[in-house]
Amino acid sequence: MSGVDPARDGYTTEELLAIVMGRLTTGLGHIAVGALSPLPAAAALLARELSPRTEITILGSPRHMRFTDGGRELFDCAAQGRLDAFFLSGGQIDGQANINLVAIGDYVKPKRRFPGSFGSAYLYHLVPKVILFRQEHSPRVFVEHVDFVSAAGTSPRNVYRPGGPKHLVTEMAVMDFDAGPGRFRLNTVQPGYTEAELRKQTGFTYALPAEVRTTPAPTAEELALLRGPVREELVHAYPKFAREAYLAP
Amino acid sequence: MSGVDPARDGYTTEELLAIVMGRLTTGLGHIAVGALSPLPAAAALLARELSPRTEITILGSPRHMRFTDGGRELFDCAAQGRLDAFFLSGGQIDGQANINLVAIGDYVKPKRRFPGSFGSAYLYHLVPKVILFRQEHSPRVFVEHVDFVSAAGTSPRNVYRPGGPKHLVTEMAVMDFDAGPGRFRLNTVQPGYTEAELRKQTGFTYALPAEVRTTPAPTAEELALLRGPVREELVHAYPKFAREAYLAP
Amino acid sequence: MPDRYCSTPDVLVADVADGSSIAVAPDYSGVAIAATRALIRKQARRLHLIAVPQSGLQADLLIGAGCVGIMECAGVNLGEFGLAPRFTDWVQQGRLTMRDATCPAIHAGLQAAEKGVPFIPLRGILGSDLLNERPDWRVIDNPYQHDDPIVLIPAIKPDVALFHAALADRAGNVWVGIRRELMLMAHAARRTLVTVEAIHDGDLLTDPTLAAGTIPAFYVSRICLEPGGMRPLGFSPAGEQADAPMIEAYVAAARTQAGFDAHLAEWLA
Amino acid sequence: MPDRYCSTPDVLVADVADGSSIAVAPDYSGVAIAATRALIRKQARRLHLIAVPQSGLQADLLIGAGCVGIMECAGVNLGEFGLAPRFTDWVQQGRLTMRDATCPAIHAGLQAAEKGVPFIPLRGILGSDLLNERPDWRVIDNPYQHDDPIVLIPAIKPDVALFHAALADRAGNVWVGIRRELMLMAHAARRTLVTVEAIHDGDLLTDPTLAAGTIPAFYVSRICLEPGGMRPLGFSPAGEQADAPMIEAYVAAARTQAGFDAHLAEWLA
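Listed in order, the protein sequences are those of chains S, L, Z and P.
Just so we're aligned: the first sequence equals residues 1 to 249 in the working numbering.
Just so we're aligned: the second sequence equals residues 1001 to 1249 in the working numbering.
Just so we're aligned: the third sequence equals residues 2001 to 2269 in the working numbering.
Just so we're aligned: the fourth sequence equals residues 3001 to 3269 in the working numbering.
Hints were generated in silico from the structure; no laboratory data involved.
None of the values given here were measured: they were computed from a predicted structure.
Where hints are given, some of them may not hold.
Simulated restraints, written as ranges between beta carbons of each label pair [to be verified]:
1. S:27 <-> P:3143: 25 to 33 Å
2. Z:2045 <-> L:1209: 53 to 61 Å
3. L:1181 <-> P:3041: 39 to 47 Å
4. L:1208 <-> P:3131: 28 to 36 Å
5. Z:2083 <-> L:1052: 52 to 60 Å
6. P:3139 <-> L:1157: 46 to 54 Å
7. S:29 <-> P:3139: 53 to 61 Å
8. P:3082 <-> S:27: 44 to 52 Å
9. Z:2010 <-> S:52: 26 to 34 Å
10. P:3131 <-> L:1205: 50 to 58 Å
Here are the simulated DSS-like cross-link-like pairs (lysine-lysine), alpha carbons at most 27 Å apart as the crow flies [stated by the list, open to error]:
11. P:3042 <-> L:1129
12. L:1200 <-> L:1111
13. S:166 <-> S:129
14. Z:2157 <-> S:129
Derived list of chain S stretches under chain P, where covered just means 3 residues or more per stretch with a C-beta under 8 Å from a C-beta of chain P [unchecked claim]:
15. 66-72
16. 105-114
17. 120-133
18. 167-181
Think of the CB as a built atom: it goes at the ideal place given N, C-alpha and C, for glycine as much as any other residue.
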C-alpha cells in the first residue's frame, strides 16, 4: 500500500486520492471528516492549505476539533447549515448512491456484518457536498442495489434535504452524482485505468461524458503540501496510518 | 415591614411565613426557589438546616446554584424528576389554584401588566410539591377566577402531570389544595387572625377543617436558625432584602 | 486581531437591521448594556426582542427608546429593583406586541434551532392561557402514548444573538463558563455579536479547562472589547456587583416617559 | 469522603442488575474499562448496552463475555485497529439482538430523556432501512409545514450511565471538560456510575473555569477512584495514548471465541 505505483509518475495511489478529494473541497467554509478516514482527512488538510479561510474538523483528532458541546455538536452544526462538506464510505455503494454500512445478507443473521451506519443516515441529508470515498473499486463494493440502505442517495421531492452525494472517488475513477436522474456520471478515470476496465469493475451502470478524460496528475505544489504540512498534521489524527501506510518515504 | 408585629410574640410576619414554608419542605431531597423569592429562599435554607441531606437551588444566587448546563437545566431537572419542591406566586390566584402572572384586563392592552409567567406554566405541572406563596391576603389577589391563567391549578385526567399545587401560604392562612375537587381547604389561620377575617379577605370559597386551628408559633430553635445561619446565607442571594426588609434586628 | 474584532459597540451593532430578531441574555448571565446603548444611538426600530428567557434593564431601555416592536419573553422586570417601568407602561398602553412565553419554552425553541429541527415537544403548559396567545405553540397527541396531549414549541432562530462575556481570544473564541444559555443562543442564531470584558492571550480551545466553557469562533460573527459592558448590571464572572444607586435613579426617572427620555439623553451623552 | 465513593470498580457496579440498560461512552471520550472488567467478573447478563453513540473495545469485551443481550449503537469497531471481532462474530451468528441507530439519533434520544419529553424530531434518516428495523422511530408529518415528513426519536432513559472521567471532588462533583456527552448521559440516566483518574481537592463548582465542565454531584450515584481506568484505551484529558500492542494482542486473540476466552481469563486474573 505504501510504495509508489509503477504505473504512476512519482506518487502513490493514496496521494492521488487525497489530492483529488482536496481539489473537490478547496475553497469551502467548513469541511468535516469522520473518524477512521485518513485519506479524507489528508484531503481536508490539503484543502485548508490551499484556502486558508477553510475550517476543518477531523473527528477523533483533538487537535482538529473545535467542538465544545459534546458528541452531538457536529450533527447540530450540520443541521444549522454550518458544515459544507463531509466524506462518507460504504461496505457497498449502489448506482443510486445508496450506501450500506450495516450488513450483507439478512439483517438479523447477516453473512457479513459491518460496524454500523454511524452518522451517515443523517449527514447524507444535511451536508451540501458529500463526497463518497472508497479506495477499492470492485463489483463486490459497487453493486446494483445495496443489501441494506444505511443512508439513501436520493429522496422524494417532499423530503427536506439540503444535502446529498456530489462525487464518488475511488482508485479507478472520479464520478459525479446527479440527483435528478439519481445516477452517477463518470468525471475522469484515474491515471493508468481505462473506462472499459472501470466498467468491468462496477456493478451498476453510469452515464458517460462526451469524452472520457484522465484525472490530471498531482502537481508538484500539491505533492509538496501533502508531504510537508499535511503529513505533519495528519500524524496527530492518525499516528498509525501516517506512520505505516500513508506516503512514499 | 421589618418591625416585630405587636400582635405576635417576638417574631415578625416574615419570620413566621419563612418558618411555615420551611416546615412544609423539611426532609425533601431537592428544593428550588425562583428569583425574587426571598421568603421562600429563607424557607428552603431553613429546611436545609433542619434536614442536612436536602439540596437547595436558589435561582439568581451563584452561591446556591449547582447548575452547569445553562438556564434550561432547572427545567430539565424538574422534568427528570430531580426536583421535589418549588414556590410560585401570582398577581392573582383563584379558588382552582390557577395563577396569573401576566395581566389584569385585556391581554393586548391590559389595565395592569405583571412581569410575566416565567417558569410557572411548566414547573406547576412537573414539580411534585408546589407551594403557592403570597404575603398579601386580599380579595384583590385571591379572586374567584383569574383574568389570565399563566399556569393552571388542575388538569384533566389525560394530562401528564406529576406535579401541582399542594399548599398556599399567606399572612393570614395556610391552606392545602386538593386536586380531586380542585379546591383549597383551610389548614390553619395565622396567629392573630380569625377564620371570619380570612373569609372576608378571600374572593373564593374554600373548604373548612372540622376545627379551625391556629398555626403553631415559631419555636426558639426555628427562630435561632432563621436569624443565624439562614440569614447569613440569604445575604448572598438577596443582599438588598436581607439588609432592609427581612428580620428584626 | 482578525477582522471579526470591532473598535466600538457602535461598529459591533452597525449591521443590525430594523425589524431583526435579537436574542438577549437574562440579568444573571451576560447582558450587553453598552451594545444596547449603541442600538439606541443608531435608532434601531421594530426589533423583535427575544429574552432568553427573561430580561430587565436592557428590555426596558430598548422599549422606552422606541426600538422594540415585538417582545418575546417569559418575563420582564428589574429583579430586586421591582417592575420594569417602560415595559409595564408600554404594554398597558397597547404599544408593544407581546409574545408571552414560559422560560423552558424559550430554551426549547432555541434548542430546536440548534438541532435544526422545526419543533421540540415540552411537558406542562396545557391549560395555560399562554396557548391562546401563542398559536405557534401546537398541541398534538403524543404518537408514543394513547390519549396524551403534549405541546410543541417551534424553533426560535434569532437573526442575532447579542451578549456580554468574560473573555475572547484573538482567534475569536469566546469564554462563557457555566453560562451555557449564551452558547445555546450562539448555536441557534444566524449571527452572534459579543462584547467582552477582556482579551485572553493564547487559544481558549487548547486549554482543556477553559475549552469546556468556550464558544468556538466559527459561531461568532463580531466581537468588541468593552470592559464593563454590562454596567450598571452586575457581572458575576468578574465579581462585579450591580450599581444599585444608578439603577434606583433609573427606576425613579423612568416612571414617566418624559423622565425616561431625559434620563436616557443624559446617559447616552 | 461521602458514601457515594466506592473502594473498587467491583463495588461500583455491584448493583447493576441483569437486564439493565447501560449507556457507555465512545472511545474518544471516557470509557470505563476497569469497571467493564468488573461487570464481566460479576457475570452480568442480558445487558442492554447503549453506545453513545458508538463503542469499541468495551462493547467487544462485554459481548464476547456473554454479558450483552441487546446492542444499541450507531457502530462498533476498534478504530485504527479494525473490526471488533466478537461483535462481528456474534452478530453474524445471530446471537446478538441489534438495535442499529445513527449517531445523532442516540444523542437526540438522550436529550429527550434529559428534557423529560417522550421524543425529539430529527432531520435526515428518511429512506434509510434503519427505519424498518426501528419501529420505535416514527415518521410523522411536521405539523408546522405541509407535506414535510420528519422522523421522531423516542427518549432513551438508561438505567445506568457508566463512564470514566478525569476528576471528582469530595462532594461528588465530576469534571468532564468538553466531553459533554458524558454530562448528557448523566442527565438522562436513572443512575450514574463513574470511575475517575484523580480526586480534586476543593469544590469543582466554586472554581468558575472548572465548574463549566463539571457534572453536579446530585446526578452522580457512585464514584470509584481508579487511575488508568480506561486502559488500554487512551485518555486524552490525561494525555495518555492507547496501548497499541495490548490492543493488537487482543485483536489477534479475539479472532475466535476460544482465543477470546483464553485472553479474557488471563486479563481478568
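Find the hints from earlier in the document that the structure breaks and name them by number, from lowest to highest.
Per hint list: 1, 3, 4, 5, 6, 7, 8, 11, 18 violated.
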